[in-house]
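Student: Each chain, letter by letter, is given below.
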Amino acid sequence: MTTTLSVLIVDDDPALLQALPQALRLRMGGVTVETADSAAAALERIAAEDYDAIVTDIKMPGMDGLALLAEIRTRRPDTPTLIITGHGENELVVRALRGGACDFIQKPIDRGYFVAALYRAIRAHTLNRKVKERQVALESCAEELERLVQKLERPPRAVPGKAES
Amino acid sequence: MPETAAEERQTTVADPGAAMTAEHRLRAHVERLERRLQKRDEQRRAMLHIMADLSEFNKRLANQRKAMLHILADYEQDRRRLARQTERLDNSRRALLHILQDSHMDKLRLEASRKAMIHIMGDLRETTAEMQRRERELRDKQEQLVQAGKLATLGELTTGVAHELNNPLNNIGLFVGNAVDLIELAGTEKGHIVRELYHAMQQVRKATEIISHLRTFGRAAPVSREAISLRQVIERALSLMREQLRLREIAVTVDLGPEEPVVLGNAIQLEQVFINLLTNARDAVAESPRKAVRIAGSARSGVVEVALTDTGHGIPSGLEQRIFDPFFTTKEVGKGTGLGLSITYGIIKEHGGTISVVSPPGAGATFLIELPLAPAETEETSP
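Chains as they are written, first to last, in the working numbering: chain U, 1 to 165; chain R, 1001 to 1383.
If we strip away everything but chain U, and leave its shape as in the complex, we get:
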């Protein structure tokens, strides 16, 4: 990954918005971390920028993490979204995973686990993108090939004299 990664963290706790970005900066070299203290603020940021990953808390006043996840899925279907949950909120975790979250992180957050999960998500996302790019490239190659094949198939009829000479 040569380009710098950008991550958006959404949580209503200002202390967490201080601690978690710092942890990511320390553990993931060259990462850009942005924060939003509400789902509404997060949606504004998402509209402006295409993040490599979004991390959001579930329990927030107003629009909660699950609703935000649904919004992200429609606006940025490719961006991997991770969910932060409290301990023992299994039901919420299942709902988040069904709603399209690519992973979940339980509080209290284990930084090693968190960074690994984030990398995994981003890698999956990049690989996905690469797969798509390759697919597009392959498709264009296939088209090219098809055109070539068509070109090769045409000459015998178009220039019969030449073939005989």
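Since the hints were made in silico from the structure, they are not lab data.
Here are the simulated DSBU-like pairs of lysine-lysine, each with C-alpha atoms no more than 30 Å apart in a straight line:
| no. | chain 1 | residue 1 | chain 2 | residue 2 |
| --- | --- | --- | --- | --- |
| 1 | U | Lys59 | R | Lys1291 |
| 2 | R | Lys1349 | R | Lys1331 |
| 3 | U | Lys59 | R | Lys1331 |
Using the hints, position chain R against chain U.
Tutor: Below, chain R alone, put in the same frame as chain U:
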């Protein structure tokens, strides 16, 4: 005598010689007669005197008779009056007799009643003793109930508090982890590390506050009375509820005016009152389009009045009285114990105050609490 006169006449006739004697004898006879006559006349006169006297006497008698008749008439009248009185008296006597009879019956009945009364008194004394025992039991039970209610409130709070504790703990872990990373990353500035640790300390303080608050709240402390600031009580209750209210987007406004109302009471108990009311308000506004709770207070002449108003569904009319009954709840099974308001009522009453509820149709409920203010001298010494 006439015989002798006749005899003399015969002799005279028979014997002329004898006429001289006869004449003599006659004269004597006449004299005798005249004497007799005289005597008779005297007698007659005496008789006349007597007759006159008698007539006089008779007249007097007649007068007396007349007077007597008058007296008799009077007497007759008196007699008649007396008879009437007698009759009346007789009637009275009879009536009295009746009354006496009745009174005797009454006395008998009274006696019976008295005896019954004595029995009842005996029973009553036993009942009173029983009542006192029951009352003591009730008071014990009530104390247990208050503790149970406190624990129930605590249980309700636990979910919110667990969430609240989880956050600072999580943040502490992150800050400390960052500090560790910074230290391992040789050559980092000391200031950076200190900053992370400082943040961690702040979070530790936050968690400690929550824990210590919970501990004092749950303790079965002896119910002491001291001067306490109502504002502080409300603030502390809100601090336990804040996370829950915030997550549900319930706006809370507190307006206690410029005064600093101080009441004589138990801080923990009063805090429980507001936690209970806030919990109810929280559940009441769950489905409302506008979610708000307003606590307004004002002090006047020895009393502080606090109104807690929510924008919830209100209380169905007819239930305003029942909601303070123990175990009465309109919440779903398993959602409420039905103890909150009954304990709240008990606490307010114990503090010499009153609590009531008004819930106009179509609007939220308002709980009105009135508490006596602490006397002025304690007010000055309180913090």
